[in-house]
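Following the hints, put chain P in place on chain E, whose structure we already have.
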Amino acid sequence: MAETPKIELRNVCKSFGKKVILDNLNLSIAKGESLVVIGGSGTGKSVMLKCILGLLKPESGEILIDGEDITNSSGHRREQVLRKTGMLFQYAALFDSLTVWENVAFGLIQAHGMKRKEAKDIAIQKLALVGLGPELADKRTAELSVGMQKRVGLARAIAAEPEIIFFDEPTTGLDPIMGDVIDNLIRDCTQDLGATTLTISHDMESAQKIADRIALLYKGSVVWAGLASEIHTCGDPYVEQFVHGDVDGPIKLDILKP
Amino acid sequence: MDRNFLATIGRVFISFMAAVGRIAIFTGQALRHCVIPPYYLRLLGKQMMDIGYYSLPVVGMTALFTGMVLALQIYVGSSRFNAESAVATIVVIGLTRELAPVLSGLMIAGRVGAAIAAEIGTMRVTEQIDALVTLSTNPFKYLVAPRLIAGLVTLPFLVLIGDIIGVSGGFLVATEKLGFNAGNYLNNTFEFLEMRDVVSGLIKASVFGFIVTLMGCYHGFNSTGGAQGVGKATTNAVVSSFVLILISDYFLTVLLID
Numbered sequence: 001m002a003e004t005p006k007i008e009l010r011n012v013c014k015s016f017g018k019k020v021i022l023d024n025l026n027l028s029i030a031k032g033e034s035l036v037v038i039g040g041s042g043t044g045k046s047v048m049l050k051c052i053l054g055l056l057k058p059e060s061g062e063i064l065i066d067g068e069d070i071t072n073s074s075g076h077r078r079e080q081v082l083r084k085t086g087m088l089f090q091y092a093a094l095f096d097s098l099t100v101w102e103n104v105a106f107g108l109i110q111a112h113g114m115k116r117k118e119a120k121d122i123a124i125q126k127l128a129l130v131g132l133g134p135e136l137a138d139k140r141t142a143e144l145s146v147g148m149q150k151r152v153g154l155a156r157a158i159a160a161e162p163e164i165i166f167f168d169e170p171t172t173g174l175d176p177i178m179g180d181v182i183d184n185l186i187r188d189c190t191q192d193l194g195a196t197t198l199t200i201s202h203d204m205e206s207a208q209k210i211a212d213r214i215a216l217l218y219k220g221s222v223v224w225a226g227l228a229s230e231i232h233t234c235g236d237p238y239v240e241q242f243v244h245g246d247v248d249g250p251i252k253l254d255i256l257k258p
Numbered sequence: 001m002d003r004n005f006l007a008t009i010g011r012v013f014i015s016f017m018a019a020v021g022r023i024a025i026f027t028g029q030a031l032r033h034c035v036i037p038p039y040y041l042r043l044l045g046k047q048m049m050d051i052g053y054y055s056l057p058v059v060g061m062t063a064l065f066t067g068m069v070l071a072l073q074i075y076v077g078s079s080r081f082n083a084e085s086a087v088a089t090i091v092v093i094g095l096t097r098e099l100a101p102v103l104s105g106l107m108i109a110g111r112v113g114a115a116i117a118a119e120i121g122t123m124r125v126t127e128q129i130d131a132l133v134t135l136s137t138n139p140f141k142y143l144v145a146p147r148l149i150a151g152l153v154t155l156p157f158l159v160l161i162g163d164i165i166g167v168s169g170g171f172l173v174a175t176e177k178l179g180f181n182a183g184n185y186l187n188n189t190f191e192f193l194e195m196r197d198v199v200s201g202l203i204k205a206s207v208f209g210f211i212v213t214l215m216g217c218y219h220g221f222n223s224t225g226g227a228q229g230v231g232k233a234t235t236n237a238v239v240s241s242f243v244l245i246l247i248s249d250y251f252l253t254v255l256l257i258d
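As they're listed, the protein sequences go chains E and P.
Its first residue numbered 1, the first sequence is counted upward by one per residue in the UniProt record's numbering.
Its first residue numbered 1, the second sequence is counted upward by one per residue in the UniProt record's numbering.
Don't read these hints as lab results, they were simulated from the structure.
Note that beta-carbon positions come from the ideal geometry of N, C-alpha and C, so glycine has one too.
Keep in mind that a hint or two might mislead.
Some residues of chain E that are not near chain P, with every Cβ distance over 10 angstroms (derived) [to be verified]:
{"hint": "1", "residue": "Ala111"}
{"hint": "2", "residue": "Glu205"}
{"hint": "3", "residue": "Glu230"}
Covered stretches of chain E (in silico footprint by chain P; criterion: 3 or more residues with CB under 8 angstroms from a CB of chain P, positions within the stretch not fixed) [as the list claims (entries may be wrong)]:
{"hint": "4", "stretch": "53-62"}
{"hint": "5", "stretch": "90-101"}
Just chain E, with the same shape it has in the complex (with noise of 0.2 angstroms):
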């Protein structure tokens, strides 16, 4: 039998109100493996990711981290969980209120328990991975530029070295040459860490460059899903509409046509 999935998603359902989002949704995602979910804006990419870390709950099926099952756990039990995950939200989503090394050693401070002079320490080591220098630990978050918030992101995300890291759009609303920087850092951080990294995403470079596989989400299910190399030779109409950004092709989006 094969080894126990990392992340599983089994037949998960969401819907808000009568638009349903998830439909049947089914995903795995191996140890040590870095999959990209690629779809267009609306069709339930953040929302999978919400239900995975228990910010939504979905209205029928499972999610598995490691086997087990916390669909519906919550309190202290998701806590356990969520200890060992990082996130990189798509605005970076620092802590205005905190100074850019007290938003990097946050989870180590408050979950962790860790020491602060300790834990500015590491963060002062997470944020040189990220190529940012021991000057900046002391500044407000507002002050830093987009892309050096993203990387205070990615240096929280890391910091605590989750066994699993998710990426919310990491490029969007990047300079192409801060979005290749990105990646080069999301590469070499998760190789490090030896994580399994789930990103969201609709740059098409982005994702080939980070993944290692890919599945392209359509109206809340999985409707392709391959190794990131064969993108391009798969011959699967969605893929093929998707990569090449075709108006016309099986994926139909809600627009009135003037």
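Frame of chain E; chain P shown alone:
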């Protein structure tokens, strides 16, 4: 037409009851996290400074001028039936039982409730609250509990100081402007004052502090959308605090009168 009218009343009633239910659940959760560890003492200290100490000028000003105007107005009334000696007693009882707690509560709602709703609301819409969860930190413990406890604990102190300043204001006007003898005025102030006048005012203050911080947290927590959503949350926090303070004041008075 009639049916539409009834339907509207029904809809309003149902949504009102739904809001009451949501607030009750929120309150229950918040109180639970106030008592179970871990406690964030550093944050509690910061909130006590923000809510308590920095509100001193506002509360002091309010109390001072209320005491002054009270002495003037009561003098006008009581001199019509030669009961000028009642001025001191009515000023001190009016302030401690009613005006200091209620007016301070309203001022705090404007100063603190709005700030809490805006801060937590912004954290909600910029995903900072989600980020807290992913760093295994319960937002109720980290954001709500310190504010609630700070409101509950610091308001009585603020109001006690307000009582003293307000009575002093009345004393100043009575002796400097209305020609009262200072010794007699002070005698009259304390002769009929009972401990429970002061204590009932402080109990009210504590409840109002709880209401203001709870409404700030609740509306901030549930704000949606961007800047507009946060603006709405702030307005709702202040308005609902005002209404709840005025309504609960009546029932607290009924409860505390014997």
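Hint check results:
The Cβ of Ala111 (chain E) sits about 4 angstroms from the closest Cβ of chain P, inside the 10 angstroms cut-off, so the non-interface label is violated. Under the 10 angstroms C-beta cut-off, the non-interface status given to Glu205 (chain E) relative to chain P holds; the minimum distance is some 25 angstroms. The claim that Glu230 (chain E) lies off the interface holds: its Cβ sits roughly 31 angstroms from the closest Cβ of chain P, which is beyond the 10 angstroms cut-off. As drawn, the stretch 53-62 of chain E meets chain P at 3 residues by the rule of a beta-carbon pair under 8 angstroms; at three or more, the given contact holds.
Only residues whose beta carbon comes within less than 8 angstroms of a beta carbon in chain P count, and the stretch 90-101 of chain E has 7; three or more means the coverage holds.
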